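A.B. asks: Chain by chain, the residues run as shown.
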Amino acid sequence: MTSHQGNTPNTPSSWTAPDSRSAQPCAPLPPPPPSPAPGVAHRAVPTTPTEALDEMTTLIEGARGAVLASVDGFALAQSESMPNDAAHAAMLAAASGLARQLVEMGGGTQLRQLVVDHDNGLLLLWPIGEFRVLAMLTDSKVDQMGLRRFVRARAALLAGTS
Amino acid sequence: MTATKHASADQNSASPASIVGAEPSARRPLVEPTVDDHVEPATSKHAANGDDTDASNDASAKPTHTFKILVTGPFAAGKTSLIQSVSQTDVVSTDVVTSGEESDVKAQTTVAMDFGTYELEDEGINLLLFGTPGQPRFRFMTNILKGEVDIVAFVVDADARQTHAAAGVELRSLLADLRVPAVIAVNRCDDQDKADRIARSLGALAGESVVPCQLIDSDSGREVVVEVLLTLLDSLEAAKAGDDDD
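Taken in order, these protein sequences are the chains called A and B.
Position one of the first sequence corresponds to residue 1 (my numbering), numbered consecutively onward.
Position one of the second sequence corresponds to residue 1 (my numbering), numbered consecutively onward.
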């Protein structure tokens, strides 16, 4: 498990939506999501977290599934591709909780990303505002920059503030 | 976080007698006042950080023996409070804001673990306190943290009767699995008889220690730790006696 502090020039310090309850600094206006693939050109803009997670797993090549959880371990939404397992949300909350402590060990103050690099791909976890975490299961060669841009664009919806 | 234990795992040949002092005359009370009556314990699964040969000749070079305590129990029982009240080092805490019905009970909850330490420097004893989350959805953390524990401190809230039945099942299951001694800390309780009744209702055995406590009070937390130490030493002593019989 590694905690990444993030070094993308345009990456905000957190993906908290501007009107979120989070005490963290507000993020700049996010860029639009990448253009959808030709086959889904007319896909509707998601209006719920579940739709946003399905959109991500559909549009991002290599993305297999996504889970949105509360920081205290309750599942809030998941993509259709994910099994309904309550333990997933609890594990994400625990991993996020420990990762925040590891950030302190590293002298940081804010967890930006947690990457679990395993033999079958990646598990990427991001805080969404102060009260939620998003995890995505992907192939090893997924476009992580594109994925992050996409998530930033849906941060307000995922944070429950839009 | 288990580095202390692992770092010293190759030194398990430490003389058991050195845990609380190599020579009776050199021993000081482990914890005032009652531990003074204890004989040297038999052994520790965990290591002594030092050379026992030297330690037997030089009290100042007394080895450090590390014991792992699992602090567990139901949601909102007082596990984090116990660790925070006694730890001599900054507590590693993974508390987050609660949501849903749990937010009606308390504002924050542990999602991964709490970690604190308690050292008896004169006795060369170092306690590592590993606290678990209390909700069943975090049971996997208990399974991670319970490895090689020396003793369980099981915390239960006397007033939260709705948690007792499940807590009893968890307690017996855990102890059957771990086969280590346990101390039942009955929080929000000042009466030993009441604490005993609650502990028996959980299925606690007659020989298991029961401590009524108020874990918002650090003195009360230390009393629990003292009982943990006494129970641990009793257990080690019994193990030594068993070895001698063999």
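Hints should not be assumed to be uniformly reliable.
To be verified - So the derived list for chain B, only partly shown, Cβ under 7 Å to chain A, looks like this:
#: 1; residue: 96
#: 2; residue: 98
#: 3; residue: 99
#: 4; residue: 111
#: 5; residue: 137
#: 6; residue: 138
Rather than coming from a laboratory, the hints here were simulated on the basis of the structure.
The model shown is predicted, which means the values in this text are computed figures rather than measured ones.
Where a beta carbon is used, it is the ideal one built from N, C-alpha and C, also for glycine.
A.B. asks: Less than 7 Å between beta-carbons is the criterion; does residue 98 (chain B) satisfy it with respect to chain A?
C.D. replies: At about 5 Å, which falls below the 7 Å cut-off, the nearest Cβ of chain A leaves the hint on residue 98 (chain B) intact, so it holds.
A.B. asks: Can we keep the residue 96 (chain B) interface hint, with Cβ of chain A closer than 7 Å?
C.D. replies: holds, 4 Å
A.B. asks: Would the hint on residue 138 (chain B) stand, with a C-beta cut-off of 7 Å toward chain A?
C.D. replies: holds, 5 Å
A.B. asks: Please check whether residue 111 (chain B) passes as an interface residue: C-beta within 7 Å of a C-beta belonging to chain A.
C.D. replies: It holds, given that the least Cβ distance between residue 111 (chain B) and chain A is near 4 Å, below 7 Å.
A.B. asks: Under 7 Å is the threshold here; is the Cβ of residue 99 (chain B) close enough to any Cβ of chain A for the hint to stand?
C.D. replies: holds, 5 Å
A.B. asks: Minimum Cβ distance from residue 137 (chain B) to chain A below 7 Å?
C.D. replies: holds, 4 Å
Of the numbered hints given earlier, the model fails none.
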